[in-house]
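Generate coordinates for the entire structure from the input sequences, incorporating the hints supplied.
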Amino acid sequence: MWEMLKMYFSYPFVRYAMIVGVLIALSSSLLGVSLVLKRFSFIGDGLSHVAFGAMAVAAVLDVGNDTAVVLPLTVLAAVLLLRTGQNAKLKGDAAIAMISVGALAFGYLFLHLFSRSANLSGDVCSTLFGSTAILTLSLTDVWLCIALSVLVVFIFILFYHRIFSVTFDETFARASGMHTELYNLLVAVVTACVIVLAMKLVGSLLISALIIFPALTAMRLFKSFRGVILASAVLSVVCAASGILLSILASTPVGATIVCVEMGMFALCSFAGGVVQGTKKGYT
Amino acid sequence: MIQISCKNVTLGYEGVAVVKDLNFEVSQGDYLYIVGENGSGKSTLIKALLHLKPPMSGEIHMDHSLLGGGIGYLPQQTIVQKDFPASVREIVLSGCLGRFGWRPFYGKKEKQTAMEHMEKLGITHLADRCYRELSGGQQQRVLLARALCATRSMLLLDEPAAGLDPEAMQEMYHLLEKLNREEKITILMVSHDIRAAAAYADHILHISEEPLFFGTKDAYIQSEIGRKYTGGMKHVGDA
Chain A
377 MWEMLKMYFS YPFVRYAMIV GVLIALSSSL LGVSLVLKRF SFIGDGLSHV
427 AFGAMAVAAV LDVGNDTAVV LPLTVLAAVL LLRTGQNAKL KGDAAIAMIS
477 VGALAFGYLF LHLFSRSANL SGDVCSTLFG STAILTLSLT DVWLCIALSV
527 LVVFIFILFY HRIFSVTFDE TFARASGMHT ELYNLLVAVV TACVIVLAMK
577 LVGSLLISAL IIFPALTAMR LFKSFRGVIL ASAVLSVVCA ASGILLSILA
627 STPVGATIVC VEMGMFALCS FAGGVVQGTK KGYT
Chain B
2 MIQISCKNVT LGYEGVAVVK DLNFEVSQGD YLYIVGENGS GKSTLIKALL
52 HLKPPMSGEI HMDHSLLGGG IGYLPQQTIV QKDFPASVRE IVLSGCLGRF
102 GWRPFYGKKE KQTAMEHMEK LGITHLADRC YRELSGGQQQ RVLLARALCA
152 TRSMLLLDEP AAGLDPEAMQ EMYHLLEKLN REEKITILMV SHDIRAAAAY
202 ADHILHISEE PLFFGTKDAY IQSEIGRKYT GGMKHVGDA
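Chains as they are written, first to last, in our numbering: chain A, 377 to 660; chain B, 2 to 240.
You can take every hint at face value.
Mimicking BS3-like on lysine-lysine, the simulated pairs with C-alpha atoms at most 25 Å apart in a straight line are:
{"hint": "1", "chain 1": "A", "residue 1": "599", "chain 2": "B", "residue 2": "112"}
{"hint": "2", "chain 1": "B", "residue 1": "48", "chain 2": "A", "residue 2": "414"}
{"hint": "3", "chain 1": "B", "residue 1": "121", "chain 2": "B", "residue 2": "110"}
{"hint": "4", "chain 1": "B", "residue 1": "54", "chain 2": "B", "residue 2": "8"}
{"hint": "5", "chain 1": "A", "residue 1": "599", "chain 2": "B", "residue 2": "83"}
{"hint": "6", "chain 1": "B", "residue 1": "83", "chain 2": "A", "residue 2": "414"}
{"hint": "7", "chain 1": "B", "residue 1": "54", "chain 2": "A", "residue 2": "414"}
Covered by chain B, according to a simulated footprint, are these stretches of chain A (three or more residues, beta-carbon under 8 Å):
{"hint": "8", "region": "410-420"}
{"hint": "9", "region": "529-539"}
{"hint": "10", "region": "545-553"}
{"hint": "11", "region": "597-603"}
Listed next, with one range per pair, are the computed distances between beta-carbon atoms:
{"hint": "12", "chain 1": "B", "residue 1": "168", "chain 2": "A", "residue 2": "617", "range": "47 to 57 Å"}
{"hint": "13", "chain 1": "A", "residue 1": "655", "chain 2": "B", "residue 2": "135", "range": "14 to 24 Å"}
{"hint": "14", "chain 1": "A", "residue 1": "534", "chain 2": "B", "residue 2": "163", "range": "29 to 39 Å"}
{"hint": "15", "chain 1": "B", "residue 1": "135", "chain 2": "A", "residue 2": "455", "range": "30 to 40 Å"}
{"hint": "16", "chain 1": "A", "residue 1": "561", "chain 2": "B", "residue 2": "15", "range": "16 to 26 Å"}
{"hint": "17", "chain 1": "A", "residue 1": "650", "chain 2": "B", "residue 2": "55", "range": "44 to 54 Å"}
{"hint": "18", "chain 1": "A", "residue 1": "485", "chain 2": "B", "residue 2": "13", "range": "43 to 53 Å"}
{"hint": "19", "chain 1": "B", "residue 1": "179", "chain 2": "A", "residue 2": "534", "range": "33 to 43 Å"}
{"hint": "20", "chain 1": "B", "residue 1": "135", "chain 2": "A", "residue 2": "474", "range": "31 to 41 Å"}
{"hint": "21", "chain 1": "A", "residue 1": "617", "chain 2": "B", "residue 2": "135", "range": "33 to 43 Å"}
{"hint": "22", "chain 1": "A", "residue 1": "640", "chain 2": "B", "residue 2": "135", "range": "28 to 38 Å"}
Hint data in this document are derived by calculation from the structure and do not stem from the laboratory. The C-beta atom is built at its ideal place from N, Cα and C for all residues, glycine as well.
Below, the structure is given as structure tokens:
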């Protein structure tokens, strides 16, 4: 097995996949904690569908670098979605459901009508489930991903206390003079960027898993915000790395394997958290 | 020293006035109850006082120490907070955020301020506990400590007794009284509990029906509207 891994890792595209996978997992887990706690779990799902729609448009228009089309459109959708979250006329979850299904349908229809590709369902499948995209990363993609992850981590550390405050109690934060809209906007934009990147790794249907699972798992184990954030980052990196290794060894689709590992981890930690709580209650 | 003065203020949403002709003043060390039924415009008034929503007309004048987040606000609890993983220390410290500009991390001064307020409210021993595991009364104290971190001179509380059992409610009222008397912190309490208002306030602003009432508690109990709502509780004030 060791020999086999060594052989695989001598290929640059496998190394790229590993680097990119771990970095995306790290950034998405950091954002995930805030999104899950703010009841925005589904925003990842909604945005990834928008990204799919945008990807379809980019594919049909035959744009050289599809990120140039997908990224701005997804960021725009993120800003709009978080805005409607505060607007009573169209409730947040309904707006997300509407936009995400709409974008999905539009994207598929668009591809169907205009695509010149010979293997349409193969294209759609790999965009949705990210089966091969991660293995075709170019060096530019890798650098882009590294830069963006560093930026996300940096932003997160810099605004850590403010993100906490806005997540825990937006009304209080606003009342004490913080520009909460600015932070919401920041989180929305960064989320959109991470999703566009993560699409390459797990595909647009499975991105939500990268965002919500590490946060939910960490919440089973830790009770302070800092504990949850750190645990979420570590768990996410571990799950992504082992998922990628497993998928290489067993030749399974990368995205689906990572998500299954995340699910296993969640089950394990729920159990462990339950046991710890149980014994604590037994003593007191 | 006058901290807030409202002159002929009209508040409302999207062009529809909720409260008209609001006139009142708050001085340092006052204990003002803002009473009124649901939908009478209490929360609109809160937003105006916190500068989250400008008045439709009229003038709200504030001491400059209260501008830019100088009022310690204790909002009603939200669903999000019910299962939020956060330690008491993290929450109390976040009260300092509004005041320290663009620095990314807390310094010694903020940590000390937070410790002092936790000590004052008797929650130091809970510092590392998880917020969601505390009782309702303890949670309110945590939020009160956070509000104190944000202000030096004024607290604005939105129904702090809601959802507390009677004992915790009494404790809360006593704590506020102590802060008001000993630290000279101005307290603006928004509530529909007119009986508590009659017991603790020194001024009352009643905004549920016209004409609005603003004056001292004694004048309120004597007034027509006050008699109607307090049911002739003349002696409560002596308690």
